[in-house]
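Protein chains: 2
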Amino acid sequence: MLQPSSACVGCAPDGLSPELRQRVAACTACDARVLSLCRAIPDDHLDRLAAISVAVDVGPGGTFIEEGEPASSFFNITRGTVKLYKLLPDGRRQITGFLGVGDFLGLAVSDSYVFTAEALDAVRVCRFPRRRLNEVLDDFPALERKLLEIASHELVAAQEQMLLLGRKTALERLASFLLSRADRADALGRRGIPLAMTRTDIADYLGLTIETVSRLMSRLRRERVIALPEAHGFAVLDRPALLQYSGGEGPVL
Amino acid sequence: MLQPSSACVGCAPDGLSPELRQRVAACTACDARVLSLCRAIPDDHLDRLAAISVAVDVGPGGTFIEEGEPASSFFNITRGTVKLYKLLPDGRRQITGFLGVGDFLGLAVSDSYVFTAEALDAVRVCRFPRRRLNEVLDDFPALERKLLEIASHELVAAQEQMLLLGRKTALERLASFLLSRADRADALGRRGIPLAMTRTDIADYLGLTIETVSRLMSRLRRERVIALPEAHGFAVLDRPALLQYSGGEGPVL
DNA sequence: CGTAACGTTGAATCGGCTCAATAGATGTGG
DNA sequence: CCACATCTATTGAGCCGATTCAACGTTACG
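Residue numbers (the working numbering), protein chains in the order written: chain E, 74 to 326; chain C, 74 to 326.
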């Protein structure tokens, strides 16, 4: 937790404190700016967000949201990768998503978080107090629309994942997962595709065991569909085959 | 499809056409009013919504949203029950949710729907053209906030369902499902709990086969955990047992 | 009624899991 | 730099929960 807020919140834009001025600069230069909800706020009002946000660093394995805890903050990821998961009392785990730079977290309805958020690697997040962000939302409807857009996107992804978990075979699940990671990496202009998560994480995301994931990875490598040059990462050798295995793009209409 | 819109959209509230006046009255009296997003709009501006909405009746088995079709409208359910599902090319189906009176549909990000919506029984929906509703949203931020709230709720439910589909056993899935239906019915003040959906629907919702659902229903009846007085419907005899079987309420914190 | 759709029950099969052993990767201190 | 411990990943053998296949009841409805 860095820099607990001590800025003059009610200040006019031209009367910014030095600290706040610095934070606005940080926001302006932020890697996640163009990707995330901050994009929805005009540059000259960025101080409103800067004034209520705090940058927080989280090390690998660190949790910054815990299921059941009071939901006091929203988060925006500006560095690293995060996994979200839910647990059953006996320890069974379901990872509901992996989030990266620009992604937003904390849209809980109740006053408690319904999932845990854990850093996969070195993560930095922007933390917004729930109440304060709501105030900003009142003044910038565009921000609210952006949030709605984000929530809708997540809903679509969640429905796709339900189809995967409920109806796809193990091979189809893994192929779908690898494809989605590959597409994501392509969008970022990569060739070799990094996997920040472990086999256990992949298994808990796909509703499988690590053994099954490992076996199928080996099978796809044996069949020259993918290559596994490094421990954490892969490359797609035969995209059509992967697409075939993935169970396709939904119904042909 | 009833009454294609021919109302004077720009009219002042006091200059309503007879037809629009009638629609506003229908909105005011609507069963879903208190439950749904319309609640977020003040009574004296209800004409804005009434002017752009059209009531549509859908018979059992009728689909009013189809996966892949252009997403031109939002819907609000005012009568009956609806199932949402996604299909794989070979016909495997995953039902992603059941919606009832007051529920809202059509929050698609892309310009195509990503699921199909089918009526389980006699359904009536309020249809809002996407573009027109967005205009109303601009004038009533409270509506937008309501939509965000709805989307957040659905996201929470989707995550819970991912845990169910990815990590729960067949018995746990069925018990969880029956409990959630029971809770929903209790909230509406019922004793015997109706199931508008068939065994096939339940199976496709829980990621199981109809045979497994049927066997487990029989087992729970044999164990006096539930009763099955009618074909479509059940009663909870031993709620603690059902809760036990359901895999519990998440981690004990 | 008759018939078609829905639901139940049984027997056999199989995909993915459990259990177990080994190999590789990563990190630490001598 | 190597020895060692630990964590992660791979591979095999056997098992089990849920599915598949099949037969039979039951319900809804023209």
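Since the hints were derived computationally from the structure, they do not count as laboratory data.
Wrong hints could be hidden among the right ones.
[What the hints assert, rightly or not] Mimicking EDC-like on lysine to aspartate or glutamate, the simulated pairs with C-alpha atoms at most 20 Å apart in a straight line are:
no.: 1; chain 1: C; residue 1: K219; chain 2: C; residue 2: D116
no.: 2; chain 1: C; residue 1: K219; chain 2: E; residue 2: D117
no.: 3; chain 1: E; residue 1: K219; chain 2: E; residue 2: D130
no.: 4; chain 1: C; residue 1: K219; chain 2: E; residue 2: E222
no.: 5; chain 1: C; residue 1: K219; chain 2: C; residue 2: E139
no.: 6; chain 1: C; residue 1: K219; chain 2: E; residue 2: D116
no.: 7; chain 1: E; residue 1: K219; chain 2: C; residue 2: D184
no.: 8; chain 1: E; residue 1: K219; chain 2: C; residue 2: D116
no.: 9; chain 1: E; residue 1: K219; chain 2: C; residue 2: E208
no.: 10; chain 1: E; residue 1: K219; chain 2: E; residue 2: D116
no.: 11; chain 1: E; residue 1: K219; chain 2: E; residue 2: D117
no.: 12; chain 1: E; residue 1: K219; chain 2: C; residue 2: D117
no.: 13; chain 1: E; residue 1: K219; chain 2: E; residue 2: E208
no.: 14; chain 1: C; residue 1: K219; chain 2: E; residue 2: D211
no.: 15; chain 1: C; residue 1: K219; chain 2: E; residue 2: D104
no.: 16; chain 1: C; residue 1: K219; chain 2: C; residue 2: E208
no.: 17; chain 1: E; residue 1: K219; chain 2: C; residue 2: D104
no.: 18; chain 1: C; residue 1: K219; chain 2: C; residue 2: D130
Original post:
Does D116 of chain C lie within 20 Å of K219 of chain E when you go C-alpha to C-alpha?
Top reply: The hint is violated at about 27 Å.
**OP:** Starting from K219 of chain C, check that the Cα of D104 of chain E is at most 20 Å away, please.
**Re:** Since the Cα atoms of K219 of chain C and D104 of chain E sit roughly 31 Å apart, the hinted pair is violated (cutoff 20 Å).
Original post:
Do the alpha carbons of K219 of chain C and E222 of chain E lie within 20 Å of each other, as the hint requires?
Top reply: holds (13 Å)
**OP:** Would you check the hint for K219 of chain E and D116 of chain E, treating anything up to 20 Å between C-alpha atoms as holding?
**Re:** Status holds; Cα separation ~16 Å.
Original post:
Are K219 of chain E and D130 of chain E close enough, with their CA atoms no more than 20 Å apart?
Top reply: violated (25 Å)
Subject >> Satisfaction of hint between E139 of chain C and K219 of chain C, Cα-Cα up to 20 Å >> reply: violated (25 Å)
Original post:
Regarding the pair K219 of chain C and D211 of chain E, is the alpha-carbon distance no greater than 20 Å?
Top reply: holds (13 Å)
**OP:** Would you mind confirming whether the straight-line C-alpha gap from K219 of chain C to D116 of chain C stays at or under 20 Å?
**Re:** holds (16 Å)
Subject >> Agreement of K219 of chain E and E208 of chain C with the hint, judged by alpha carbon distance not exceeding 20 Å >> reply: holds (16 Å)
Original post:
Would the pair K219 of chain C and D117 of chain E pass a check requiring their Cα atoms to be no farther apart than 20 Å?
Top reply: Not OK: K219 of chain C and D117 of chain E at ~28 Å, beyond 20 Å, violated.
**OP:** Would you check the hint for K219 of chain E and D184 of chain C, treating anything up to 20 Å between C-alpha atoms as holding?
**Re:** holds (16 Å)
Original post:
For the pair supplied as a hint, K219 of chain E and D104 of chain C, is the alpha-carbon distance within the 20 Å limit?
Top reply: violated (31 Å)
Hints 2, 3, 5, 6, 8, 12, 15, 17, 18, counting from the list given before, are not met by this structure.
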